[in-house]
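> So the chains spell out like this:
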Amino acid sequence: MEFFLINLLNGLSYGLLLFMLSAGLTLIFSMLGVLNFAHASFYMLGAYLGYSFSGLWGYWYGLLIAPIITACLGMLVERFALRRLHVQGQLAELLFTFGLAYVMLEIVQLIWGKLAIPYRIPDALQGTLFTVYSSPFTIYRGFVAVLALAMLGLMYLVLGRTRIGLVIQAALTQPRMVEALGHNVPRIFMWIFGLGCGLAGLAGAVGGNLLVTEPGMAANVGSIIFVVIVLGGIGSLSGSFLASMLIALLQTFAVTSDLSLLDVFKPFLSAPLAADNVGTFGLSGLLNLRLSQMAPVLPFIILLLMLIWRPHGLFGTKSEVN
Amino acid sequence: MRYQFPISATVISAITISALLLLAPLAFSSNAALNFITQICITSVFALSFNLLLGQTGLLSFGHAVYSGLGAFAAVHAMNRISEGTWSLPISLVPLVAGLAGLFFGALFGWLSSKKSGLTFSMISLGIGELVFAGAAMFPTIFGGEGGVSANRVSGTAWLGISFGPQIEVTYLIIIWTLLVAGTIYFLTLTPLGKLASAVRENAERLAFLGFDPRWMRFLMLCFSCFFAGVAGGLSALHFEIATTDNLSMLRSGSILLFTYIGGTALFLGPVLGAVLAIVMSVFLSEITPAWQLYLGTLFMLTVSFAPQGISGLLVTYSNAIRLAIHQNRLRILMGLSFAYFAAAALLCSGAVILIELLYRWRFPIESFREIVLLGAHFSAQNNSSWASAFILFGLGIFLLCSLRKSQR
Amino acid sequence: DTIKIAVIDPMSGPFAPVGLNTFNSFKFIADKANTEKWAGEHRIVFDAFDNKAGVQESLSLLKTVADKGYRFVTQGTGSAVGLALIDAINKHNQRNPGKEIIYLNHGSIDPDMTNSKCSFWHFRFDANSDMKMEALTSFMAADKNIKKVYLIGQNYSHGQQVARAAKAYLARKRPDIQIVGEDLHPIASVKDFSPYINKIKASGADAVITGNWGTDLALLIKAGKEMNLNANFYTYYASSTGVPTAMGEAGIDKVKLIGYWHPNNFSKLGSAITQGYKEQYKDDFSSTSTYAMIASLAKAMTIASKQSADLDPVKIAFALEDVQIDFFGTPASMRKTDHQFQQALYVSNWVKVNGKDVRFDQENTGLGWKTLQKFEPYVASQATSCQMKRP
Amino acid sequence: MNVLKLDQVKLRIGHAEILRGVNLELNAGERLALIGPNGAGKSSLFNVISGRQRCSSGQIYLREKSIVGLTPHKIIRHGLSRSFQSSNLFSALSVFDNLCCAAMWKAGSAYTFWRRLSRQRRVIETAERILTLLDLQQRRSDLAGTLTYAEQKTLEIGMSVAGDANCILLDEPTAGMNRTETNKMMTLIRQISAGRSLLMVEHDMQVVFALADRIAVMVQGQIIACDTPERIRSNPQVQAAYLSDWTAT
Amino acid sequence: MNHLLQLNNLHAYYGQSHILRGVNFDIRPAEVVALLGRNGAGRSTCLKAIMGTVKTEGEIHYCGKLISGLPSFMIAQAGIGYVPESREIFANLTVEQNLLLGIKLGIKPEKTSQAENKNKWQLEDAYTLFPILKERSQTQAGVLSGGEQQMLALARSLLGNPDLLLIDEPTEGLAPQIIQQLLDVFQTIKQSGVAILLVEQKLNLALQLADRFIILGHGQTVFNGSREELQNNIQLRKEWLEI
Ligand SMILES: Nc1ncnc2c1ncn2[C@@H]1O[C@H](COP(=O)(O)OP(=O)(O)OP(=O)(O)O)[C@@H](O)[C@H]1O
Ligand SMILES: Nc1ncnc2c1ncn2[C@@H]1O[C@H](COP(=O)(O)OP(=O)(O)OP(=O)(O)O)[C@@H](O)[C@H]1O
Ligand SMILES: CC(C)C[C@H](N)C(=O)O
Ligand SMILES: [Mg+2]
Ligand SMILES: [Mg+2]
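Protein chains in written order, with this note's numbering: chain A, 1 to 322; chain B, 323 to 731; chain C, 732 to 1122; chain D, 1123 to 1371; chain E, 1372 to 1614.
Derived by calculation from the structure, the hints in this document are not laboratory data.
Everything numeric in this text was worked out from a predicted model, so none of it was measured.
Incorrect hints may have been included.
To be verified - Think about it this way: if two alpha-carbon atoms lie no more than 20 Å apart in a straight line, the pair counts; the simulated PhoX-like pairs of lysine-lysine are:
id	chain 1	residue 1	chain 2	residue 2
1	D	Lys1306	E	Lys1609
2	E	Lys1573	D	Lys1306
3	C	Lys1087	C	Lys1009
Using the sequences and the hints, build the whole thing.
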């Protein structure tokens, strides 16, 4: 019971962190249709900026300024690069951000060096919020959770039935026409992209000290966030929220269970077979595989099943209309 | 828009290219050169196979390395069987085995992914890619853990004195395979299937209303592409005599995508250009500069923004321009202009590069670098004059470009 | 004449710090050796080749350096590359007689490389993971408070080897210690270790043995601290670049390290080198196997040059087979049977710097390693299954 | 004997009941025009027949064979072809290639990857024939996307007959054309429909009455009348529903 | 000067191909002008050029200020409404959302002489004008029938309260009595003081609606005159409209 509770708690807080990471991406992806490969890099940049500014003026300033700077950068990127690429369609934008990720990584290393940096949790947020049995739940995790929920709210404002939201949705398919109706589409796109990057930055400033702030951190976040947004369904916030929770919980519990296919099949298999006769073909490997070891692939398995069974994700709205 | 050679031109270029390829190893016979040529061939095959999906069928795959990787593993296992003597198969046919493996897995996974097109397809391919990559780590008996599986291509009796031990022999084997594959793929684009593939790229629904099953179309093209990808994997296995899980990695998939795009799909050989670039980058660039990743990223960004059709696109447009100029006998003007642009670009680039290099040397003094020499002038991060001159070069380049563009309007 | 050695290690990407640090150490020691004429008139120089921590990259680099006429290569970040290199070098030497290449290994510690896969052309100057485990377990065996041990590692050969050895040796030395859990997690992809910690707590373990390195280790320790797990971490790589910074205070007194010599073991020469290195490169002299390698090589070169005027790498290799050196005050030697360097090992503790017995900190954290116990070479030395084929 | 037979075909999407039991027979070799106010459900009917949408209930027989629930390509292979109201081409392929793709299935060189397209005599011939029929020769190698609206529609029609199906569905072939174009289109339709059965949706009454052997009138998802032009013209129900003021324009 | 719209020597290009070769005409406030010509004459292109969605040369003045070269949203904000040939309705939004998008976000159209005494279009007016849209207000616009889509497009651009409406082939694919409806609608619009530039195939319709007629041929204005002139000038009609 204790074990279960703590797992649940860990799972939830991890899920919120995941959501935080993927929130900005969802925003950009769903509204601008840009698969922003540089998202993780903005997240990293946020962490580094957060570190530097909290070094200068204290954590809270860092938390405030890092997102702002990343947001501005994002706007610049949109304004001077992506805007021109938009006509060439998704692939072009995607590749651009891919390149951008490389460049940002190098720049970060130029500024902050190639080693991990000591980005620590502020004393104000040190300590435990409450303890479940013997294991503490730190204040900071609570803080992260609150922020993540705040993000969710904020994005509902944007994505939700606001007029701006409408304009963007329409502009996804027929930007020309939306402009012809007198809406300044480009500017709105710029804002959205900025906002997305800002969120990434915020996630970095918050997650950077919970995890490790190092040049590798962007690659580390890697494709999991893409899994999240696709699983959630393109354009669906609640979807990506649920997806991150699902993945987090799933992994957390998988990690902590030592079940293996062998255990499952033992009753049916004759002892010797089960042992090692099948060893030569990785079959035994498959059988002895523990759920805890499968944890990393689980998200992708789910992703595949989802895409095949329900291609528009958990909450995604089907947009093909004849 | 696609640019088709008239057939005769195709034949000519085909012959010249093959001739060049076949002569190259004789011209440059140092191991490094051979290694270089071989890698270019391998990557070219991979890129062409990828373009069969991207350019021809309009399917953007994020997990194409899966098939080349699995092909490579099939190849090394085959090679081991051969050297054990359990299989009797000439080494030169190993790539075929790899190709079949690629085909098999292509068919297997393709059955899932070909259901969908567009972004969904891409995402499925991403999922499969990650899955296979992560999964490979779980079966060390097959994939040899992170150490990979190595094999020995020199086995059995040498046939006509060809043991494939020396690099040159392997290089030739690989070149021949490359030419074969390239030819086949080009032929494929001329067949009804190829035409239908581009039709399904354009408008799958309409194709369905012409009596074709779009899914089946995608599936077929996937199979072909995966077969050739597998061959590429087999070739790499022959060359490196090892297959590791990073043959399957997302990094591979990503880079082949990028370089195919950079090469451009406007010409059939566009992807090959991309492949050449890729190898040059990974072999030379990382050796001469620590900033190679910065350059790589910048290259992508610039290409996408200024040459959306990739290098080959540039070539095509430029050649068209020349044709037009000749037509209106304004060739001299065009040449003058392009030279001016080239000069400006050269200035700008050299300036930028030197600045970047200086920056790196200044930032990471402890790392070991070659010193920068341009036209006999030495630059160092310590003395300001080099910084200044670099800036001047850079500024000059920009100024020239701007003034040129003004004069254009 | 001069011996050129190609350093095939990551000089860019996530492992760049490790690679660069070792490369600089090589250069530093080599300068020292050349100025102090360890090898008489002969000189040793190192050139860096970036393998981007990739196997195929490394293999192409091997071809390149072979072309450029290098006869010695060194590598040490990652057993994956190491194993591939051994294989490739065997082939190369067999196919190009007279152009043999010799592989000096400074840190890839998979035991297989000196057992099943051992090769005459490979010399390892780091202690392999079994030796380290031998010493580590002996240390743990002496600690009567340890009752329950938990094994956690990255799911690849290195991690698996560590787990395997730990089980075997503990069973031998302290049958009463029970292994309460074993986990192999994916390498460099876990973001939140608290579930694992939770598991460890649930198992009631009082000691954790891990072969983790890099972020995986740092995150593990941080998570342990956060969920105040009261068990000690017995690690291989807590001193590897980046980890000290990342774990910081979280590891004080909790993190033990098994490894070769570190600067807080008293040795005039050692301290001098450490300080000199710090001054020149603003970085820690952490990979001391570089010293062992160069010292041995220099000795071997002098021996070889006595036999014949020109330096034949193969001769050097033969000389290297049974060379003995003084490794910062303790004798160390290359073992002929498997080319595994035999050296003293130290179990140390992560503590605050106090000007006395803990003088050098790591990565300017104000924290450093304090030796708890030193193990003479014979303690850690392992039997080998190596049947070496000599040319 | 009839080529196409619809029996109580219903289509409801959500609450909207779009087709409420359509009965219709298309006889061999006749030209049947389907008219009706906007939103009557004509295009929907086409979609249902050609398998683009699945009908909620009812039966559809193509040459005595039920085609309900078949995927579009299966239905097409069974000898049906359709054009689209808003033209629907391979815009980045040349006009000629568009026609080739359309001709391929019937010419039996589908999915062929062992011979060049240029060697597929039947395909090439068909494509050429259609091209001259549409007289788009001078546009031969232009990309379909750059044709004018009218030309696109012409090509659209050409593609739907290139497959040599003997049951053709045309959705508003003359929409957006001026008289001249319309006249050309009418002659074209006459030519292509010779010896075939044709079902077409059309708003231009001149065209309808000039071409159609029979006219079906659809209102709110139902066929309220299906008869020869004269009778239709005199049919009071139809008068009320539809034709009341067509003479005005 | 009381010109609402003025084109002088307008050229338009699609990449290489030069479509409009010097088009000149002007539109006065509250007048309906029909733009005629054969298929491919470049009428749609002309409208696109005014909306600034194709590459152009030459000058376009609206209410006396230069609008050529502006991004199209500014042109729209200046008070020009556009109903494109392919109705360009937002397929995956509901009808109502489509209409809402017609209303400009907090931007008041340039006050021109007419703008004040013009009764503004509200959502309700649109619904009363096209009841069918009210019925379907919550369905996805993509599934509307051709005719319904046409009405939607028209209503949407009306909600922007333009002073000038550019309408491309409004009656395409519409059943006769809907066309009648549309005619009345256009009349009402005309009453409300909105000028209309109409591209129409059906000559008789154009004749019913328009005050003035412009014929494009080979990308140039070959005729610009009143109904009578057009009707009398058989030869001209033969040359530029029929064959
Ligand atoms: N997927 C759908 N969901 C809801 N309603 C639909 C759907 N498809 C069509 N409809 C409705 O069904 C009716 C018939 O549409 P259809 O396009 O068949 O009309 P039509 O006869 O072709 O009219 P037109 O001549 O203008 O094209 C329309 O009112 C349309 O709104
Ligand atoms: N996107 C495009 N690219 C290249 N050429 C085009 C494009 N669109 C139209 N054209 C060409 O521009 C010319 C005029 O097109 P436009 O659509 O203006 O004709 P139109 O007068 O509107 O006739 P209709 O609307 O009846 O087709 C045509 O010859 C057409 O081929
Ligand atoms: C990078 C190194 C810490 C890797 C470790 N030496 C191994 O054997 O895998
Ligand atoms: Mg219709
Ligand atoms: Mg038009």
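> Hint by hint, work out which the structure violates, then give me just those numbers in ascending order.
none
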